[in-house]
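Chemist: Chain by chain, the residues run as shown.
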Amino acid sequence: MKKTIAWLIVILFSALYAFASYGDFEKTIDFRNKSNSIFGSDKYKFGDLFGISYYPLIKQDLSKTKRTFPAKNPTVNKKINLCLAHDSYLGKDFLASKKQINCADTIYDLEYPWFRGRANAPVLLDTSKTNVLVFEIVERNLYRLDKKAALNIVNLAAANQNTAPNPVLKPGKKKSKLKQFKEIIFNTRINKNLEFLLFDLRLFTPIKELKSYINYRFFNRLPPEVFISENQKQEYISDVKTSIEDMLTVSETEKTVALLNEIHDFYKGKGFDKVYFSIVPNPVAIIKPEALRYNNLIPMIQNSPNLRMPMIDIYSDFKKCDADLYFFSDTHWNFNGFTLWINKFNATLKADLSSR
Amino acid sequence: MIFNSLQFLVFFIVITTLYFQLPHKFRWLLLLLASCYFYMAFVPIYIVILGFTIVIDYFAGILLEDSQGKKRKMYLIMSLVANSSVLAVFKYYNFINFNISEVYHAFGSDTPFPYLKILLPIGLSFHTFQAMSYTIEVYRGNQKAERHFGIYSLYVMFYPQLVAGPIERPQNLIHQFHEKHDFDYSRFKSGLMLMAFGLFKKVVIADRLAMMVDYSYENSNTLGGSTLLIATVFYAFQIYCDFSGYSEIAIGAARVMGFDLMENFRAPYFSASISEFWKRWHISLSTWFKDYLYIPLGGNRTSVSRWYFNLMVIFLVSGLWHGANWTFIIWGFLHGSYLIFAIIKDKFLQKMNWNFHKGHPNTFIDVILTFSLVVFAWIFFRAENVHQAFTIIGKIFDLSSYNAITLGISAGEIWFSVLLIVLLSLKEKYYSRIFTNTNVAFYSQLLLIVFLCYLFGVYSEKQFIYFQF
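If you're matching them up, the sequences are chains H and E in order.
To convert, note that position 252 of the first sequence is 252 in the numbering used here; the numbers rise steadily by one, no gaps.
To convert, note that position 267 of the second sequence is 267 in the numbering used here; the numbers rise steadily by one, no gaps.
These are calculated hints, taken from the structure and not from any lab test.
If you're wondering where the values come from, they're calculated on a predicted model, not measured in any experiment.
C-beta: ideal position from N, C-alpha, C; glycine also.
No false leads were slipped in.
Stretches of chain E that chain H covers, calculated by requiring three or more beta carbons in the stretch to come under 8 Å of a beta carbon on chain H:
#, region
1, 17-24
2, 408-416
Computed Cβ-Cβ distance ranges for the label pairs, DEER-style:
#, chain 1, residue 1, chain 2, residue 2, range
3, H, N220, E, S303, 56 to 64 Å
4, H, W7, E, S85, 39 to 47 Å
5, E, L119, H, S176, 17 to 25 Å
6, E, F364, H, E195, 41 to 49 Å
7, E, S84, H, E195, 37 to 45 Å
8, E, V386, H, K319, 49 to 57 Å
9, H, G269, E, Y92, 53 to 61 Å
10, E, L119, H, N220, 29 to 37 Å
11, H, R308, E, I49, 56 to 64 Å
Construct the complete structure from the given sequences, taking the supplied hints into account.
Modeler: Here you go:
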């Protein structure tokens, strides 16, 4: 009997180790997030920031938040071929929003390279329709959008190219079998994977919350990836500190303006009738209960006299709005924020394309 | 693979359980493969260097045993030179080159020698010293040459003590690999308890103190003397908890499998003198230096001046063993000086027939004084360079620089750290062994320690300090 138990332990833990060594599967296991049992996961249920900190006093059940999609809004008569380059603010949960973008016949869903490791699906430009390209990006990720990434995000199909071919990213060197084997055997993510497999279970959530509560209340310490507003109502991702700690000079923002102009001219040259850019404000740019000093990145870009890229400006709408626009324990906007964006997007297209 | 990781936990469970299930004749192979994997999990390629020293010393041992006279000495020297060369290239080449280049700069020219872009293999000084002790003991006739290549490799590579000791002697360890260890529940319990407490020392105390120490030493130019003094005292406990925590996990892990590794720490901060401190701190290294350097140099059975010289040599070498930096050499020099001064002082008191310690050998003042001297030397051990060390010392002794204490962390954290240090000291003084006689006592204490490790642990994947040596 003892021998059987011992061998069971060996087999079980070896399998666990092997499983945890095999790549980064955390993102692929969705079923645990959906499960309501004690073996389900709370990692994303209460927001991605809660999943990092487990701070129990800022905890919003995202599944119970009101999903208020804006009403369908007949926009323009023209048929639109829409390419939407977006980050997670228009991803996954908000993808139902495609229904709200009712102006478009065809929607190409394009993701930035830091989300998607491979090239986006090819885009077919249609000369019988208005070809529109929209870039949506959250403020804190703006620094990641370099020229290379921006000019390669739309994978134009060869048949449609009437100008020079797209400078498609060179495919990366294929990893050798030995390297692949080494990455599995000595997987650097193994601890994260094991933690996910062993302890990312709802039954451990109260203990994690207790640890987080003690650390924050008595030691003023949270995981370095997050911080909490002084009024204890909003959790922020630490990335947004760049919006409050580093003041910007005009020449710094003008570099971004020049990049946006280059993106605009490039895609116009590729056959797009309209190219838009929209920057989603960081929550600290909008919610300032503790007088955080915002560096004014968005207004500085949008008000630059040199900017040729048409902007879908939601910064000013967000500033005027009294309602909560962001989840409390998640990096993303809530459905109020999203609705504002969609309405602004539809209105911008309507105004621009009706007049054509 | 670090001890305070889930990866190690699962690895340890698999290897230990499998170890007791396999027939004895295959166990060495399992442990050897596990040790290779454990080491390669840091930087795989460095197993080649380890392999090089193993092959050299394995054959050196056999040749030493099979030869006589001058040849024996030659084989020993060849083995020691080969081992030292590995250390010299990987650990000291760039340091020596840097110092040569400074001399060249003084004369307005550049060093003719290129710098090597190499990373120091983890735990190199530990396993090199362990390998050297083998050939020396075979040469001295205290240990038979190990003919089983796998067992010898395991002696150098045994994973619990591979990267940060304790630095074992062949007489203590090699025979244990030949013996069959059956599962022993009492060893299992005491081993696990030792591991749990070692983990507590590392993640709850050492890594907590590290936050404050790192902050203070990184900002030593702007912080006041009071902050730097507290940070240095905290560092004394950080390095103790970090290193003794590692040793306890290593000894505990080996004990669970039936192996006895040597004790490495014995409440060193309760020492009443520096010589006592070195009998309680990093025992496996200090005895290594005593056995293989101090005594061969003549020890204390020589003229007084030669005795002082011998003492200074072992502490300078000990400093250099820790790292290729002048800070470590000064640290060694300080400890050597402390010891020589203590000898001179004792001789003087003896001569004058003064005895302050009649009936009270461990006075509180002596312990405090010894601790202060040790803490002072730690400044050099922790500082990035000599200049920083002197800046910190200057501030600590300049009372006008004393201002509000800013350790980059909340007051709650600081007071909690102080509480932990007090509790640790009390435990070391009065409760050195955690009793695990009954199952209830064992499991409740084990669960409590593990729970506290989780609740109060600081998890930053911070490596053990001594891995760098």
